[in-house]
Amino acid sequence: MAERSFAKEVEKLRLGAGEEFAGEGILAITKALLQCGVGYVGGYQGAPISHLMDVLADAQDILGELGVHFEASASEATATAMLAASVHYPIRGAATFKSTVGTNVASDALANLASGGVTGGALIIVGEDYGEGSSIMQERSHAFAMKSQVWLLDPRPNLPSIVKAVEDGFELSEASNTPVMLQVRIRCCHVHGHFTAKDNKRPPMSVADALSAPRRDTGRIVLPPASFLHEKEKVAKRWPAAVDFIKSRKINEMFGPDHGSVGIVMQGGMYNSVIRALQRLGLADTYGDTDVPLYVLNAVYPLVDDEFLAFCEDKQAVLVVEEGQPNYIEQAFAAMLHKAGRGTKLVGKEHLPMAGEYTGQVMLDGIGSFLRANAPHLLPGDVRAPNKTGEGVDTADLINVVPGRPPGFCVGCPERPIFAATKLVEQELGKHHIASDIGCHLFSIMPPFELGATTMGYGLGPASASAFNSPDAKRRSISFVGDGGFWHNGLTSSIGNAVFNRNDGVIVIVDNFYSAATGGQDILSSRANNRTKSTKHPIDEAVKGMGVKWLRHIDRTYDVGKMRAALRDALTTEEKGPKVIVASSECMLNRQRREKPLVDKAIKGGERVVKPKFGVDEDICTGDHACMRLSGCPSLSVKSLDDPLRDDPVASIDQNCVGCGNCGEVADAAVLCPSFYRADVVHNPGRWDRFLESARRAVIGLLQRRRESRRLMFADA
Amino acid sequence: MLDPTAALRPKAGASDDERVIKLAVLAVGGQGGGVLADWITDVAERNGYIAQSTSVAGVAQRTGATIYYIEMARDTGRLPVFALSPSQGDVDILIAAELMEAGRAIIRGFVTPERTTLITSSHRIAAVSEKIEPGDGRASSEKVHATAEAAAKRFIAFDMEKIAAENGTMISASLLGALAGSDALPFTRESYEQAIGAGGRGVEASLAAFGAACDRACGIAAAPTSEKAAKPAAAEPKPTAKVSGPETLLKGWQQLAARVAALPQPLRDMAERGLKKVVDYQDIAYGGEYLDRLDKAVALDDAERGYALSMAAAKHLANAMCYDDMIRVADLKTRSTRDRRVRKEVGVKEGSVLQVTEYFHPRIEEFCGTLPAGLGSYIESRPKLAAFLDRRINRGRHIRTDSFTGFAMLWFIGGLRRWRRRLLRHKVELEHLERWYGLALSHARQDYALGTEILNCRRLIKGYSDTHARAQSKFDRVLSALPMLKGREDAADWIRRLREAALKDEKGDMLDGALKTVATLGDSPVQ
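Sequence order for the protein chains is S and W.
Counting from 0, one number per residue, gives the positions in the first sequence under numbering that gives the first Met the number 0.
Counting from 0, one number per residue, gives the positions in the second sequence under numbering that gives the first Met the number 0.
Honestly, the hints are just simulated from the structure, not real lab data.
Only a predicted model underlies this, so the values are computations on that prediction, with no experimental measurement involved.
Be a bit skeptical, because a hint or two may be false.
[As the list claims (entries may be wrong)] Derived, one-sided and incomplete: chain W residues facing chain S with beta-carbon distance under 7 Å: (1) 17; (2) 61; (3) 76; (4) 128; (5) 133; (6) 135; (7) 161; (8) 241; (9) 254; (10) 358; (11) 366; (12) 441.
Glycine included, each C-beta is placed from N, C-alpha and C at the ideal position.
With the hints as constraints, model all of the structure from the sequences given.
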C-alpha cells in the first residue's frame, strides 16, 4: 500500500486505440509499456519514478489479464538482474529506478547484462534525480551508458515523445541486442499532458511460456572466452546496428531552417528550455517554430557521426547544450569535427555553466551569449545591446529575512522521538560519532536535532561506521538505518558485516512499516496485508538470524524515556559485538491515510471513538522553546500573546496535531515543563462515559466554584 | 546576465491568442499544492486552453518548500512548447501559500513589477530555525509585505489559511478563490467552481472557502493600492478588566487600583496588567508589595525619559514575582477558565466527553521548593537524603485533571498558595529578585539606561528545571559583564547586546562570544 492510491489512474491503463490519455508523464510511460507488449516489469521505488511502481502495484488485475509479470524488486540490482529473462527469450522486459543512486546499485547486473546482450527488448527507465528538488548526489547516468555500452535515450519532455521513446527503446534494444536506458528527468516524470493511446498488447511470449520451454546459450554467459567475444561484438555488431536504427528511424530530430551560420545541438530533455530561451530572445514562436537550426538528440548515446557532421555542414559555430558534467557529448562532437577536418567552431560549456541545472535563466544567458558572439544579426536590437528595463527590486534585505525551509519530519512522525532520545542521551554521555543512512530519518541532520555525520548509501549507515571499531575507544559509534535500507542492502552489508567483524557500535534500525521516504511502499517487514506480496517478516528475526546477540526492540518509539534507556544501555553495556535497537512505530503519514477515513466514518456512524490532540497552556509556557529544540514538529509552533508583559512568543499546537504523544513524552523525559496537555475527545460516549463525566464535572465544578468564590476573578485572566 | 525581465517577444505574426500564461505556486509541503495545480489545470482546459503542470514530488514535499508550475495557452489546434520550470522574470502569476514563500519567490526573481500578480496568504508557518531560538526568532513579515508591494505589479495578500480553516478545508481552496477573485486569468468564476465540483471530495467546504476568498480578493483587486495589502489592524488598547469577587477583596483591589491611577499616565496600563498578574498569582497584599517596589523605580524616573525605567520595572517585577512554581501550575490547571479554554481550543462538540492528561515531572528541587523554607533547606543541604528522596519523586507523572483524584491532587497543591510566603522557593526567588532589582536601581542612579537594561535582563529567566537553570546561568553571565563595563558610556548598549546574544541559542554560545568581546573592551581607552 503506497502513500497515494492510483485506483483512478489505473483505469487509464485500459484506454484503447485512438482514445486520449491525460495524466502524468510517469503514467504515460506505464501505459506505453503495456502498449509495447512488455512481458515483465520490475523496479525499485524512489523519486521521480515511485509513481510508476505504485501504479503498477495498483494495476495487478490489468497486468494479470495481459499476462504481464510485475515485481517490486528488492533493489535496483535485483530489478536489473531480472532483465536476464530477456537474454535468451524474446520477451520484452522493463526495469525502473531512481538514478544515479539506483544505477549505482544496479551496475553489477547492468554490466553483466550488457556484456552478454539481449534477445528480447530490455528497457531500463531511469528517473534522473538532478537539479532543483533532487535529494541525491548530482551525477549523470550518461557515464553508466558509456561504460557498459548500453544505449541511452533522452526524449523531449512531452508525453507523445516519451511514449514514442518507450516504443523506440524496445525496438532499438532488439535491433542491436543491447539493453537500452530511457532517461526521464524529474519534472518530465511529473508533467501533466496528453497523448493518443494505442491498444495494450499481450506479450507474444510470456514468462510462463519461457519456463515451459527453457533455452540456454553458453555464448551469452559472461565467462571467458565468451566475455572477450562480447566486447568485440559490442563494437563490431551491436554499435553499428544501433547507429543504423537511430539514423534510419530518425530518432534524433531537426528543427528550424535547413541552413544557417549557427546551430544548437541539445539533449532531448533540454529541448523545451532551449525553445523557451529562443522564444524570449524573439527567435521562436509559441509552437517552437524557430529561426535557429536545432539538432535534438533523443538518443544521446551512441551519437551518430554523419548526422552530426551533416548538421554542421554549413555552420560556422554550433552550441552544444548538455546539462551536467563531464561534458561527454561535447567532447565526442569535438573529436568528430576534428577528425573530419572541419572548421566549424564547437562551443558548449564556454557559454553555459560546467555544473548545475540548466534553469530558464541559465539557458537564456547561455544561448544569448552564444548568439551575440556568433550570430548577432539574428538578434533583435534590444537583446544585442540590452538596456536594462525597470529598476528591479533590491532583495538583499529579504535574503536575510526569509528562513530556509528544508524538508523535515512530518507531523507526528515516529522518528522524531528516536532523535529526541538520541539528543537527550548525548546530553548525558557526550557527543558520539553518528552515521546516517538514506531515508526520512536522514532529516535528523537538520535542526533541531543536528545528528549525523555522513550518509554513504542505502542500507550502508552501519557499514559506514565500520572503521570506528577500536579496542582503545572510550565511546561507541551510533549508526542509523531505516527498514527500507535494511532490506535493500543493510541486512548483509551493514548487520552481517558488523557481526562478522565484531563491531562494537550501536545500530538503530528505524522501522516505520514502509519504505516511507519513497511514498510508503510495502516491504518485507510491513505489517499490512498485501494481496500480492508476502509481508510481516520481523526485522528482529532477521537480525537474530544474522548472529546479533544484543538486541532490543522498542515497539512504540514515542516512549522517549524507554528509547533513551535503550540507547544508554547500548552505549554503556559491557557486552561486545554490535548492539542493535529496532525502533518500531508506523509512519504517521501512512497511518493517518489508513486510519483517518475509518475514524471519521466510525464517528459519523455513532461509534465510540477517542481522538487525541495535544495542547499548550499558554500561561504556563514561558516561551523558552526548549520543547521545539527536541521536536521540530510542524504542528508545534510559536505564537505571540496579546500581553505586553510577555516578550517572547509561546508554544502553540495547531489543528494538524495528530496526538502522537511526542510533546508530552519529551516534556517528561527531558523534564521540560508542565505546559503540555493531551486532550482526548471521546466521540459518541457511552452511557458509562456520560455518567462518569457528569459526576466528575459536578465534583470538579464544586471545588472550582468554592475556590473561585473566595478570590478575585479578572474577566480576561 | 541578460535582462531577466525580458518577456516573451512574440515573433512577427504571432497574435495575442498565442500568448503563454505562466503561473507558479510556491507552497510548504503538506499544504495541498498538488490539488491546487490540478484545479488550475482543469479550469484552463475547461476554458479552451492547453495547460501543462509540473511539480517536484519526493522528499521536498515532506514539510519543505515546494514549487508547482503551470503554463497555459489558448488552444489554436497546435501544440505549444511549454517550459517545465519557472524562469526569473518570466512569471505572470505567482501564488504563495505562505508569506515567507512569497518572500522566497521574490528572492528567486519570480516576481517582477512589470507583469507579476502576486497572490499570497499572509499567514505564517514558522520554519524550524525560527522556532528553536530561545527568544523570538521569527522573521519579519513587515519586510516581506513592504518588498512585495514594490516587487509585484499587483499584490493580493490576506489570511487564506484562516478562511480555509473557518470552512473546514485546506488552503488550496482559498488560494484558488483568491486567484479567481484577482481576475488575473481570463476565466469566469463559474468555471473554477466547476473544477472544484469535479474533484468530488469535500466539495461543499472547498466551495465555501473558495467563495469567501474570491470575494475578498475581488474587493482587494478593486481597492486603491494603499489598501491592497490588508494588514492586521493594530491591537486596540483593552478596556480596564472587569473584576469580581468578595466584597472585602474588591475593596482591597480598589485601593490598589487607586494607587495605579496615581502613577504617571504612560505607566498605568503596564502597571495595571502587572498588578493584576501578581494579585491573581497570590493575593491583595502581594499586589501592595508589587506597587511598593514599583514606586522605587518611579521615584527615580521622570517624563523626559519616557518612564522607560518604570515601564521595565512594572513589566519585569510582575514576571519575577510570579515565578513558576508547582502551586502556580496546579492553580492554573484547575481553574474553570482553563477548562473552558481547552474545550474551545480542542473543539469539543456537545455530546462528546473530554479527557485531559497533564505531564508533570517533579524532582527533588520542586519538592523542596514546596516545603517550608527551614525543612526545604535542611533536605537540600544533605545530598544523600536529597538523592534518596529524589529517587522516589523524580519520574514522569501523567495526571488526569478530568478525574476526581487527579483534579483533587492538583486542586490541593494549588491551595497551598496561602502558605506560599513561607516556602523555600519563595525565599529563594525573593532574594534573587531583591538582588536584581537593587542592582538595577543602584545603577540607574548613575546610568539610567543601564539600570533599565539590567531590569530588562529579567526576560532571560524562564523555563522550568534544567532550562530554568540554564536561563539563570545566562542571566548571571550577562550581568557578570557589569564590572567590565563600569564607567563606560555605552554600558547599557553592551548589556542589551549581551542579552540579545543570550536569546539566540540554547547554551549561550553566542553570549560567551559576546562576553569575550566585552572582556577586550577594557584594553581600549574609555570613550
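Which of the stated hints cannot be reconciled with the structure, identified by number in ascending sequence?
Violated hints: 3, 7, 9, 11 and 12; rest satisfied.
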